[in-house]
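Participant: Input sequences plus hints: build the corresponding full structure.
Listed below are the residues making up each chain.
There are 2 protein chains.
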Amino acid sequence: MKTDVQIAQEANLKPISEVAEKLGINANDLELYGNHKAKVSLSVLKDNQDKPDGKLILVTAINPTPAGEGKTTTNVGLSMALNYIGKKTITTLREPSLGPCFGVKGGAAGGGYAQVVPMDDINLHFTGDFHAITSAHSLLAALLDNHLHQGNALNIDMDRIVWRRVVDMNDRALRKITVGQGSRANGVERETGYDITVASEIMAILCLASSLTDLKERLGRMIVAYNTAGKAVTASDLEATGAMALLLKDAIKPNLVQTLENTPAFIHGGPFANIAHGCNSVLATKTALKLADYVVTEAGFGADLGAEKFFDIKCRYAGISPSAVVIVATVRALKMNGGVEKAELSKENVKAVEAGTANIVQHLDNLKKFEVPVVVALNKFPTDTAAEFDAVKKACEDKGVKVILSDVFSQGGKGGVELAEEVVRLCDQNVAPYKPLYALELPLEDKIETIAKEIYRADGVEYTLEAKQQLDEIAALGFDHLPVCMAKTQYSFSDDAALLGAPRNFNIHVKEVRLSAGAGFVVAITGAIMTMPGLPKVPAANGMDITEDGEIIGLS
Amino acid sequence: MKTDVQIAQEANLKPISEVAEKLGINANDLELYGNHKAKVSLSVLKDNQDKPDGKLILVTAINPTPAGEGKTTTNVGLSMALNYIGKKTITTLREPSLGPCFGVKGGAAGGGYAQVVPMDDINLHFTGDFHAITSAHSLLAALLDNHLHQGNALNIDMDRIVWRRVVDMNDRALRKITVGQGSRANGVERETGYDITVASEIMAILCLASSLTDLKERLGRMIVAYNTAGKAVTASDLEATGAMALLLKDAIKPNLVQTLENTPAFIHGGPFANIAHGCNSVLATKTALKLADYVVTEAGFGADLGAEKFFDIKCRYAGISPSAVVIVATVRALKMNGGVEKAELSKENVKAVEAGTANIVQHLDNLKKFEVPVVVALNKFPTDTAAEFDAVKKACEDKGVKVILSDVFSQGGKGGVELAEEVVRLCDQNVAPYKPLYALELPLEDKIETIAKEIYRADGVEYTLEAKQQLDEIAALGFDHLPVCMAKTQYSFSDDAALLGAPRNFNIHVKEVRLSAGAGFVVAITGAIMTMPGLPKVPAANGMDITEDGEIIGLS
Chain E
4 MKTDVQIAQE
14 ANLKPISEVA
24 EKLGINANDL
34 ELYGNHKAKV
44 SLSVLKDNQD
54 KPDGKLILVT
64 AINPTPAGEG
74 KTTTNVGLSM
84 ALNYIGKKTI
94 TTLREPSLGP
104 CFGVKGGAAG
114 GGYAQVVPMD
124 DINLHFTGDF
134 HAITSAHSLL
144 AALLDNHLHQ
154 GNALNIDMDR
164 IVWRRVVDMN
174 DRALRKITVG
184 QGSRANGVER
194 ETGYDITVAS
204 EIMAILCLAS
214 SLTDLKERLG
224 RMIVAYNTAG
234 KAVTASDLEA
244 TGAMALLLKD
254 AIKPNLVQTL
264 ENTPAFIHGG
274 PFANIAHGCN
284 SVLATKTALK
294 LADYVVTEAG
304 FGADLGAEKF
314 FDIKCRYAGI
324 SPSAVVIVAT
334 VRALKMNGGV
344 EKAELSKENV
354 KAVEAGTANI
364 VQHLDNLKKF
374 EVPVVVALNK
384 FPTDTAAEFD
394 AVKKACEDKG
404 VKVILSDVFS
414 QGGKGGVELA
424 EEVVRLCDQN
434 VAPYKPLYAL
444 ELPLEDKIET
454 IAKEIYRADG
464 VEYTLEAKQQ
474 LDEIAALGFD
484 HLPVCMAKTQ
494 YSFSDDAALL
504 GAPRNFNIHV
514 KEVRLSAGAG
524 FVVAITGAIM
534 TMPGLPKVPA
544 ANGMDITEDG
554 EIIGLS
Chain D
4 MKTDVQIAQE
14 ANLKPISEVA
24 EKLGINANDL
34 ELYGNHKAKV
44 SLSVLKDNQD
54 KPDGKLILVT
64 AINPTPAGEG
74 KTTTNVGLSM
84 ALNYIGKKTI
94 TTLREPSLGP
104 CFGVKGGAAG
114 GGYAQVVPMD
124 DINLHFTGDF
134 HAITSAHSLL
144 AALLDNHLHQ
154 GNALNIDMDR
164 IVWRRVVDMN
174 DRALRKITVG
184 QGSRANGVER
194 ETGYDITVAS
204 EIMAILCLAS
214 SLTDLKERLG
224 RMIVAYNTAG
234 KAVTASDLEA
244 TGAMALLLKD
254 AIKPNLVQTL
264 ENTPAFIHGG
274 PFANIAHGCN
284 SVLATKTALK
294 LADYVVTEAG
304 FGADLGAEKF
314 FDIKCRYAGI
324 SPSAVVIVAT
334 VRALKMNGGV
344 EKAELSKENV
354 KAVEAGTANI
364 VQHLDNLKKF
374 EVPVVVALNK
384 FPTDTAAEFD
394 AVKKACEDKG
404 VKVILSDVFS
414 QGGKGGVELA
424 EEVVRLCDQN
434 VAPYKPLYAL
444 ELPLEDKIET
454 IAKEIYRADG
464 VEYTLEAKQQ
474 LDEIAALGFD
484 HLPVCMAKTQ
494 YSFSDDAALL
504 GAPRNFNIHV
514 KEVRLSAGAG
524 FVVAITGAIM
534 TMPGLPKVPA
544 ANGMDITEDG
554 EIIGLS
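Each protein sequence line maps, in turn, to chains E and D.
Plus 3 on top of the position in the first sequence (first one is 1) and you've got the working numbering.
Plus 3 on top of the position in the second sequence (first one is 1) and you've got the working numbering.
Incorrect hints may have been included.
Since the list can't tell identical chains apart, any single copy or any two copies may satisfy a pair.
Claimed, not checked - Lysine-lysine pairs mimicking BS3-like chemistry, simulated, CA-CA at most 25 Å apart:
| no. | residue 1 | residue 2 |
| --- | --- | --- |
| 1 | K234 | K540 |
| 2 | K383 | K417 |
| 3 | K17 | K252 |
| 4 | K90 | K49 |
These aren't lab readings, by the way, just hints derived from the structure by calculation.
Facilitator: Shown next as structure tokens:
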């Protein structure tokens, strides 16, 4: 089979203006970025306010393994399959981050015959949204340090500065740094650090904002520090709101591209689900719901992270509810969850598959708590055997959930027809809205405990002294009512990446709690999770190149 | 009179595709960024290789003062005026940097009726070129620190790491920092710092590259550190070249916009002339020379910095030569050079103007050394008097140079007709190529001394011990033959910003020398110049905003 890049470069793309026109988007509401990318004006959502919403379908997954599951591929493939069977469908995805692209990952635009295109642009700078977010975040950091340097009129407590810096790069050396060294002209010396841009509160705000005005209000509420009297100092206190909004004026608009089969795709916003809330933008999803009958959307990593936050943060804030959930798995990935090493994955091992189904079964049990119908999409691999498939089928059907083989990777939309038909059936049946996991009124610690016990199946939650103190401070400031955004390894239900399958008899360790008053949630950082990744020994960047005539090497 | 933003927002813009078509650019060679910005393919230059070049006109200025001179305004206005008198003209400018935009400056797209548009986009993210440069620079920094963390196989000498980080923000607290603090997983602890993106060697490379292949070769040659044997470690040694080139694949293409009178404008690259070489990209200038009969281009700040580096670095590498030079001044700015305070500028003061002409006269004498004909453009101000104008006229005509009043700020192209006619006359007369100030074969110290004595009129050059050592090392590495890129305050011929007019009896103080082996020059940092600016007490950002219906406040 051809490589992803080859398939993408041979794709028969339509001008994006044509894709937009079919959706009923006016030329006036479209800002082209070349022939195959465009920004869609926010007025499209306003102008269609009275139209009923299409059906929303969430694509989520088991815990990821090095074997690969194909969540984005399924998201893209299912949307193509729905179009294939005559349903007007839009896919909505997150924008890839540059950092991981140069680390291990390579790229993130689906795979095989289920990709969004132009994949090279999408994987690199795309329409500049992440750069705009990095700029707005950097501006606030510069204004904050400048305020300290110019006399600290707001009486900021030097020990309680919480605004860090961000860059869209995996750069471990920036995790903990000291700034303001050298002469007095270089500002005030203090310890701080960088996170990756996808962890920025501004990224979360861009993904949760319902309008430019809402964006500005949220930006203004962001807490950068506390003053010596213990009161929060916000971006608004630093008079930074307007300039940040100006930097984000285009980034807030959803990006329109297409799949290899010309299905419209809104790719907008990109918080990671291990360190942030992990869903594409509310504005993109809501705009898509006005323009199509079916909207397929993703939540990052496994359902323990992405789906939980999709329901408890995104849907709650946006006032939307999915009609069906697709949970993606592969026989190989379940085998790894059952204890098999990567090198042994191609050998049939029914016992290991059976053991590994503990992982998917826990996800199925969890998803029931949100009261939305579920189907399992099993991505086909040449080495899968019928006995292995049956093992997965049996485990899921015991829970009343259908398992459908999906082959969108090698066949495109055609390979997902059965899945699409089951999704339509589930959507047609379902009328009730989803049920959140916890009530906002609960104290923060109860909300964290609910997630840890109900979703992760932990025995309990342990807090560091620092985290305890932070929780008390947040409650004292009156932010106890916010939802919780868990930051946890994606590889395990627990906060220990090594515990695959469905671990039991463990505690969740909360080491730090950060208040995102603008985004509107409280981030609980667990285990060894880092908000700034590092590069591996041999970074993917080493193998990348572009030739004089534009051929791209090493992106996938 | 209306504000710049008002005038810009009322402009009658043509679709950029129409502007391109008039230049003979194929639709295939144009990548639209909205309706009024586009990237132009590098094949336009290749396909027109055999066409003769148009005439190149350099716009430079006296040393800048807070009174304002209007160099960009004149650049834009002159190009409109040339079109007004029937000459097919393109203007070429540098892209503004975000950092200063939020500091003191506000924006940089000309003023009044001589602006390039869309000014808000140009002043903000534009087509993302600076973000791409920042990303490529950041990637190399991350790869370097990762290399140290993963065992330092290249034996990099921890005391001789020269690659710093960059951000497009005025952020003084990042000038000197320590990275890699905390646990071992956070990399190797070491001192380093940030420069502003316009000072990045990658910015210089983008502006000097003649093709994608040349760009890659230059990127690969960049020195990031020295190993324990004293040998240079390059970006190529870190296998970073291809990935950086991939990040710059679109940034290398010139951007096409238009003036308020629809004159085509290539705005591409943006090194500052006080800390970098200060000229727009060679590819944009050369492409423009193939498409128009006259090309107006700028070099940053005063002629002591921008023009010298335009001749000795840009023209030398690009193999181009200007046919005429326009030097921009205002009566008010010359008055300040003559010792008048800003508050007193509106009062007639012929004596001060006479004293201040020492500044322009020295620039005129300097420009003669490059053997290109010169004209003075005096930007009209309502408070100027006839006697003041005559004082400027007399001083310049004594040097055989005409002074022409320009009123493009309030009249657009019509206000620059006389200037345009004189420029055409000078171009028609001139056939000889320019003469560089120094031969490349001279030792580095002689080159620095030549610039210091011949252009700045210093008595001599003093080096810090560090700078001396750096010069010796550069010579030992075999890079003695490179041209010199002086980093010096823009406000004075000397390295002391307070010495206006035409100071004498001073030395130039070189505190640090940096080798840019990829860009192909040696940066000599003089006086108190910083490669990372700071924000003022009240940053321009504080006054910026955007309303729900898109009205922009505080950019100018």
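Participant: Now, for every hint given, state plainly whether the structure supports it.
Facilitator: Consistency of the hints with the structure:
no.: 1; hint: K234 / K540; verdict: between (44 Å within a copy, 23 Å between copies)
no.: 2; hint: K383 / K417; verdict: within (14 Å within a copy, 70 Å between copies)
no.: 3; hint: K17 / K252; verdict: between (27 Å within a copy, 23 Å between copies)
no.: 4; hint: K90 / K49; verdict: within (24 Å within a copy, 47 Å between copies)
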